[in-house]
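A.B. asks: Spelled out from the first residue to the last, the chains are:
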Amino acid sequence: MSILNLNIKVWRQNQNSNKGQFETYQVQANEHMSFLEMLDVLNEQLVREKKDPVAFEHDCREGICGTCSMVINGQPHGPLAATTTCQLHMRFFKDGETIVVEPFRANAFPVIKDLVVDRASFDRIIQSGGFISVNTGQAVDGNSIPIEKNRAEKSFEAAACIGCGACVAACPNGSAMLFTSAKVTHLGLLPQGEVEEDKRVQAMVAQMDKEGFGMCSNIGACEAECPKEIKLENIAFLNRSYMKAVFTGE
Amino acid sequence: MSWLVQFFSSGIGKKIIMSLTGLFLILFLVVHLIGNLQLLKDDGGKAFNLYTEFMVTNPLIKFVSYGLYFFILLHAVLGLLIARFNSNSKGTKYAVQRSPETTWASKNMALLGILILAFLLLHMGDFWFKMKFTDQLDMVTYDDQTVKNLYGRVAVAYQEWWIVAAYLIGLLALSFHLWHGFQSAFQTLGLNHKKYTPAIKGLGKLYAVVVPLAFAIIPVYYYFFMK
Ligand code: SF4
Ligand code: FES
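Note that the protein sequences, when read in sequence, are chains A and B. Residue numbers for the first sequence follow our numbering, beginning at -1 and rising by one. Residue numbers for the second sequence follow our numbering, beginning at 18 and rising by one.
Among the hints, a few may not be true.
[Claimed, not checked] Covered, in the sense of this in silico footprint (three residues per stretch, anywhere, with C-beta under 8 Å from a C-beta of chain A), are these stretches of chain B:
1. 109 to 118
2. 123 to 131
3. 207 to 217
[Stated by the list, open to error] Computed list of chain B residues with no C-beta within reach of chain A, every gap over 10 Å:
4. 55
5. 59
6. 67
7. 71
8. 135
9. 149
10. 156
11. 163
12. 180
13. 181
14. 192
15. 223
Hint data in this document are derived by calculation from the structure and do not stem from the laboratory. Note that the structure is a prediction, hence the values are computed from the model and not measured. Yeah, the Cβ is synthetic: ideal placement off N, Cα and C, and Gly gets one too.
Could you build the full structure based on these sequences and the hints that come with them?
C.D. replies: See the structure below:
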C-alpha cells in the first residue's frame, strides 16, 4: 500500500456573501482511499489544529445519491469517466501532486460554504413537472402495462441520472439541459408518463429558464463529465418534445 | 399568439431561432459560392457582371435578399445576446480550465461570430454597398446591356495584401464556426438519431472545410495570378 503526499488547494468561502479564496494544505493519503476519505483526513487534521474543516457534501458514498459535488482539477467529479467523487480513488493521483478542488460553478448553484453549493433550483425543476400523477391505492402490477423493450431501455438509461448537477458545473453556459432532458426522457418514454408529457415539458423548461440556467449550445461538456453517462440524445428528445407540446398541445 | 411569443422567448425557442437562421445561412453560402466561382472564368468578368446585375434587379431575388439581411442580423444579434446571458449564467469561471472531449470551436462560437461579422462589414462595404448604393463602379457594356463593373472592383481589391489577408482570416473563422454550427443546428432541432447523426456530423465537417476553402481560392487566385 503506497502513501501519497498531496497538496490540496481547496476553495474556502465562509458564506455566500463573503469573498472566497484558495488555501493549500498538505495531506497524506493512502492510495485505496476515496477522494472523500482523503478530505476526511484533511478535516481531521484541521480539527486537530483547531481550524475550520472544509465543508463538502456527501451522503451515500456509493455513487447513487449525487450529493458529492466538487470540481477536481477542472473536472466535475474529477478525471475519471462515469465516476462520482465518492467513487474516485486516490490511486488515480500521483505522489507529490497538487490537486485543485473548487465548488460547482453556476449562478443557479450559489455557494453556501466552501465546496457546498445550493442545488435547490434542481428540486424546483422536478417540482414543476418531474413526476407522474397517480392515485394512491394498491400498487399496480408492474407487468400490467406493456412497454416496448427499446423504450424501456432508453427510459431506464435516462433514469440513471442522479441529479448531481455535474452537467451544469461542466457547462460553460451553466445550462441544465442534460439534467432536465434526462427527466423528460425518462418519464416521457413510459406510458405512465407520456400522458402528461406536454404539460410536464413546458413546465420544466419554464422553471429551468426561471432559475437562470444558460442556453444549450451543444458543446457536450455535460455528456463528457456526467457520472451516469447521460447522452446528448436526451437533449434532442427534450427539444422535440418541447416543440411538439408548444405546437400541437393544448 | 402569446404562446408563440412565449416559445421564442424560452431558452430552447431562442436556440431554435439560431438553428433555423444558421441553416438558412448555410444554404445561402452554397448559392453565393456557385455565383462567385464565375470570377474564376477567364472572360474579363462578363459572366460575373451579368450575374450580379441579375441578382440586384430580379424581384424574387430582391425579396429573398431582404430575408437574408434580416436573418444575418437576427442570427448575429440574438447570438451575442445568448452568449452574454450564458456567460452570466456561468458566473465565476474555474481556476483550472479543463474540458477534454469538447472542441475549441464549440466554446468560442460568439468570438468566431464577431470575427465573421467584422469580416462581413468589410466585405459588404467594399462590394455590396458600392454596387447597390453608389455610382463608384465603372460601367461596362456587353452586347446591348450596360451594367456596373463589379468584377473590376473585385479584381482591384484582391491586389491588396491586407484585404486578401482579412478574407482568409474571416473564412478561417467561418470554417471553425461551421465545424461546430452545422451539426449543432440539427441537434437543437431535435434531430439526433444513430441512423443519420453520423452522416450529418460528417457532412458538417466536410462542408466546414470545403466551402470556406473554395471561397478562399478566389482572392488568393487574383492576388497571385491576375496581376
Ligand atoms: S445528467 Fe448526469 S451530470 Fe447531470 S445531474 Fe444527471 S447524473 Fe448528474
Ligand atoms: S456521496 Fe452519494 S453519489 Fe457520491
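A.B. asks: Count residues of the region 207 to 217 of chain B with a Cβ under 8 Å from any Cβ of chain A, then say if the count reaches three.
C.D. replies: Held - the region 207 to 217 of chain B has 4 residues with a Cβ nearer than 8 Å to chain A, which meets the minimum of three.
A.B. asks: Is it correct that the beta-carbon of residue 135 (chain B) has no partner in chain A closer than or equal to 10 Å?
C.D. replies: Residue 135 (chain B) clear of chain A: closest Cβ-Cβ about 21 Å, beyond 10 Å.
A.B. asks: Quick check: do three or more residues in the region 109 to 118 of chain B have a beta carbon closer than 8 Å to a beta carbon of chain A?
C.D. replies: holds (count 10)
A.B. asks: Under a C-beta cut-off of less than 8 Å, do 3 or more residues of the region 123 to 131 of chain B approach chain A closely enough to confirm the stated coverage?
C.D. replies: Since 3 is at least three, the answer is holds.
A.B. asks: Grab the minimum beta-carbon distance between residue 192 (chain B) and chain A and tell me whether it stays above 10 Å.
C.D. replies: Correct as stated: the minimum Cβ-Cβ distance to chain A is 18 Å, above 10 Å.
A.B. asks: Hey, does residue 156 (chain B) actually stay past 10 Å from chain A on C-beta?
C.D. replies: holds (47 Å)
A.B. asks: Was residue 59 (chain B) rightly flagged as not at the interface, with every chain A Cβ beyond 10 Å?
C.D. replies: holds (44 Å)
A.B. asks: Is the claim that residue 67 (chain B) lies outside the interface with chain A correct, judged by CB distances over 10 Å?
C.D. replies: holds (42 Å)
A.B. asks: Measuring Cβ to Cβ, find out whether residue 223 (chain B) lies farther than 10 Å from everything in chain A.
C.D. replies: holds (19 Å)
A.B. asks: A cut-off of 10 Å on Cβ-Cβ distance, and residue 163 (chain B) was said to be off the interface with chain A. Does that hold?
C.D. replies: Holds, because the least Cβ-Cβ distance between residue 163 (chain B) and chain A comes to about 49 Å, which exceeds 10 Å.
A.B. asks: Using Cβ atoms and 10 Å as the threshold, tell me whether residue 71 (chain B) really stays out of contact range of chain A.
C.D. replies: holds (38 Å)
A.B. asks: Beyond 10 Å from every Cβ of chain A: is that where the Cβ of residue 181 (chain B) lies?
C.D. replies: The claim holds: residue 181 (chain B) sits with its nearest Cβ about 32 Å from chain A, beyond 10 Å.
Going through the hint list in order, the structure satisfies each hint without exception.
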